[in-house]
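First to last, the sequence lines map onto chains A and B. Position 415, counted from 1, in the first sequence is what the working numbering calls 415; the numbers after and before it change by one each time, with no gaps. Position 65, counted from 1, in the second sequence is what the working numbering calls 65; the numbers after and before it change by one each time, with no gaps.
Just so you know, the hints here were simulated from the structure itself, not pulled from any lab data. Note that the structure is a prediction, hence the values are computed from the model and not measured. Heads up, some of the hints might be wrong.
[As the list claims (entries may be wrong)] Chain A stretches covered by chain B per the calculated footprint, using a threshold of three residues with CB under 8 Å from any CB of chain B:
1. 148-160
2. 184-195
3. 351-357
4. 395-403
[To be verified] Listed next, the in silico BS3-like pairs over lysine-lysine satisfying Cα-Cα at most 27 Å (straight line):
5. A/Lys220 <-> B/Lys188
6. A/Lys148 <-> B/Lys148
7. A/Lys188 <-> B/Lys220
8. A/Lys34 <-> A/Lys56
9. B/Lys220 <-> A/Lys222
10. A/Lys188 <-> B/Lys148
11. A/Lys81 <-> A/Lys56
12. B/Lys188 <-> A/Lys188
The beta carbon of each residue, even a glycine, is placed where N, CA and C say it ideally should be.
2 protein chains.
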Amino acid sequence: MNPSAGVPRITIAEAERYTGQSVRIAGWLYNLRKSGKIAFPLLRDGTGIIQCVAVKSALPEETFNAIRNLTQESSIIVSGKIRAEQRAPGGFEMDLEDIEVVQRVPEEHPYPITPKEHGIEFLMDHRHLWLRSRRQHAILKVRHEVIKAIRNFFDSNGFTLVDTPIFTPAACEGTTTLFEVDYFEDEKVYLTQSGQLYNEAAAMALGKVYCFGPTFRAEKSKTRRHLTEFWMVEPEMAYATLEDVKNLAEALVVFVVGRVLENRRQELEVLERDIAKLERIQAPFPRISYGQAIDILKSKGSEIEWGADFGNTDETILTEDQQRPLMVDRFPAGIKAFYFEPDSEHPEVVLGVDVLAPEGYGEIIGGGQRIHNLDLLVERLKAHNLPPEAFDWYLDLRRYGTVPHGGFGMGVERCVAWICGLEHVRETIGFPRMLYRTRP
Amino acid sequence: MNPSAGVPRITIAEAERYTGQSVRIAGWLYNLRKSGKIAFPLLRDGTGIIQCVAVKSALPEETFNAIRNLTQESSIIVSGKIRAEQRAPGGFEMDLEDIEVVQRVPEEHPYPITPKEHGIEFLMDHRHLWLRSRRQHAILKVRHEVIKAIRNFFDSNGFTLVDTPIFTPAACEGTTTLFEVDYFEDEKVYLTQSGQLYNEAAAMALGKVYCFGPTFRAEKSKTRRHLTEFWMVEPEMAYATLEDVKNLAEALVVFVVGRVLENRRQELEVLERDIAKLERIQAPFPRISYGQAIDILKSKGSEIEWGADFGNTDETILTEDQQRPLMVDRFPAGIKAFYFEPDSEHPEVVLGVDVLAPEGYGEIIGGGQRIHNLDLLVERLKAHNLPPEAFDWYLDLRRYGTVPHGGFGMGVERCVAWICGLEHVRETIGFPRMLYRTRP
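Given only the sequences and the hints, what does the whole structure look like? Please build it.
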C-alpha cells in the first residue's frame, strides 16, 4: 500500500549521510508555507528541523492536498529524497514524494501555542507542549550536556557516585525550609536539602565521592532564581582543604562550560547567547575574601556591614566588572552552617567559599572545608541550637579516623540559566516546581 | 619537620606507576598484623588496599611503636617506597619509612565494626561506617558502573535526558502507595512513582528521551526486593511499538552487564559472584507471552489462573531454567495500568512487557506501548475510575500530533542486586530507606 515502505527511516540529524537517497522521516509539522503550486512543510522530529519541498506538478493531487491542508503539530511520516541546500537551515532539504498523516490536528481544536506571542503563565500552563519549541529544545539539550559533563568530570577524576537519600531525619541547614513527609505510622521525615552529611560518611569510605540528585527547599520565594525542587551535584573529598575545594570548583566550571561550547554551540546560537562571554570562562578565577568583598561593596556605595550575608544586589555589584566567576571565601561564622571549619589564623571567619557567576547570575557553587575535630563540632552544634544526639552517626565520622575534608554543591538550574543566558530558572528544567506551580 | 613532605602523594590505585619510588599515601588503617620485629599495616584509601611493611630495625623506635599501636580505622598518612610483590593483593607493597597519625582511634572507644560477624541490624545502624568495608566498596563501585553504563547507553543512542518532577499532582499507578507532602498553603502533592507521563510529553517534543532519578513507593512490604526510595531509569520513544521497546530493553541489559564485566571484574570477585552466569547475558533473550507463561506455570504445578498477576514464586519458577533474562509480554488488561495499548489482534491483552532477571531476581524492567488514541485513553481512564480532568494535560498529547509510542522503567537497585548476586536490595544503595529504616 505504502510505496515508500522499503526506504530507510532516518532522523533529521542523520540527513547529511543520506544525501541523494530516498528516506522516510517520522515527526511533526512545525510550520507550513504554501502557494497554489508549491508547499514547504517544516518537519521536526526531536533531532532537528528539516524543510520539505512539495511540488504540486510532481505529486498525486491527493498527496499535495493532504500536505497543503496540514495543521501545526500534526504527526506525519514523510518520504522523499535528501538534497544538500546551502540556504536551508541545517544545510539539507527533502524533495517530498509521499506523506503518511498519522494524526491531523483538527482546525476546531488547533494546537494552542501559535507563532504569536504568548504570556508566560499560558506557556507554563502548557509546558507539556511548550517543550516542542526550538528554544526549549535548545535549553534542554544544554541542560543534558551540562549534566553529562558534570558526571563525566567526576567519573574521570576518581570520584565514586554515592546516591544520598531523599528521605532524611535531620536537617542540614535549619528546619524552616523543609518539606515534611508522612512516613509510616506517625513517623515524619523531611526531603533532603543537601546530601552533604551522607557524602562526608561516603568520603571517609571511598576518598572522593559525589552525589547528584534532586533537592528541595520549601522557600516562599518567588524570585527568578528559586525552584522548590532542583538538581544539585555535591562532591566531597577526604584529606582535602579549602584550597582543594576551590581548585576543584574552578576546574569543574571550566570543564562544563567548555563541553557546552564544544558540543552545543548551535543551541547557544538558537538562544542568542553571547558566546564570547562563555569563551572567557577559563582558569584562574579571581579569588577574594569576604572581607575584601565587603570593602569593594562599600567602595561602590553599598551599606552592607561586615557580618551580613550578601543579597542578590551585592552579588551583582561584586560580579559586574568580572568576566570570570568570582570566588569569595572566609565568611563570618555567623552566616554559615555549623559544620564549617574555622580559619586557624582568623577564627572569626570560616573556610567556606561561594562561586558567583558573572553577568549577575549569582551563586552557583557553595562549599568549603568541614570541621573534623569532634569537640569543636559538638560545640558548634550546640551553639547552633542543634541537638547533638540527632547527629550521633555524623559525629562518628569524627570519632573514627577523622581527617580534614571538604566539598561543595553546585545547582544545575542556576548553572544552566547562566550558560544559556536565561532570565529565569523556570525554563531550565522540563517541569519546574515553584511556589505556585505544581502542574503540569 | 616531616622529612617526607616533598615526595608525591598518590592513591593506592596509582601504586603501579610509582614502583621503586618514594611516595605518600593518605588513608585509614584497615587491619594490622604484627610481631616484635615487624608490622604489616593494611592501608585503605578508597581506591584500594595496600599492605605496608614496617621493620623495627629500619625505623626510629618512636615510629615503629606508633605503627604497632595503631588501632582500626585510625587515619594515617604513610610514606615509603612502592615495591612489586606478586603475593600481595593488588601486586604491590610499601616499605614503610615514616608515618603521620592524623587521628588515632582510642582503645576506650574502638571502631565498632570488628572483623567478627555482626548482625544485619547492627550493620544497618552503622551504615555510615559499614560503607568502609571491602564488600560494600565493591557493591557501590558496581552500582556506579551500572549507572554510568545506563546513562552512556542512552546518551550515545540519541536519547535526551529530561529530568521529570518529583512533586506530582496526579498518581501514575493508583494512590494507595503514594507518599503525600504538604506543599504550601494546604496544597497536597505526591512523590513521584514514575516519570512516565512526563516522559511521554518529552518524547513528543524530542523523539527519544529518558529520565533517571529517585522514585518512591509507600508500600508496607518488608521483602528483600523493596525499598521505599529507589532509583529508576525510564526511556520513552515516539513512533515506537512494543517490539521496539523489547529490543531496547534487551540491548540495555546486555550493555550494562557487559560494562560491569569489563570494568568491575575485581569487584565481582570480591563479591564471589559467579561471573560465568553474567557472561551468558547475551541477546537474544527468550520471549514468551503471558499466556505461554501461564501454561508453563500450570505445567509445573502452579495453581495460577489466566488473569492473575505473577507472584515472586511464579517469577522464580518461570526463570529457573533460564540463563538469560526472560521477556514476558501481552498481559491481561486487568492487571496493568490504564495507559497500555491493547493488542489489536487480542484486545483482552495489552502490549506490556516485563523482563525477569535469571536466578530468581524477579522483574527488573516493566514497560510497553502506550495508548495513543484519545477516545480509547479517555475510556480506559474512566474504566479505572480515574478522573479525566486530572489528566487533561496528558490527554493533550493525544490531541496534538499523537503517535504510537512506548518505553519502560528499569530499577537500579534490583539490577545491582542481580548483577552483584545479593540476597537483599538494602546493600545496593548508600543509605537505604525501608519500612522501618530511615537512619542513618
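Okay, the hints, checked on the actual structure:
| no. | hint | result |
| --- | --- | --- |
| 1 | 148-160 | holds (count 5) |
| 2 | 184-195 | holds (count 4) |
| 3 | 351-357 | violated (count 0) |
| 4 | 395-403 | holds (count 7) |
| 5 | A/Lys220 <-> B/Lys188 | holds (16 Å) |
| 6 | A/Lys148 <-> B/Lys148 | holds (10 Å) |
| 7 | A/Lys188 <-> B/Lys220 | holds (16 Å) |
| 8 | A/Lys34 <-> A/Lys56 | holds (11 Å) |
| 9 | B/Lys220 <-> A/Lys222 | violated (37 Å) |
| 10 | A/Lys188 <-> B/Lys148 | violated (33 Å) |
| 11 | A/Lys81 <-> A/Lys56 | holds (16 Å) |
| 12 | B/Lys188 <-> A/Lys188 | holds (16 Å) |
Hint violations for this structure: numbers 3, 9, 10, all remaining hints satisfied.
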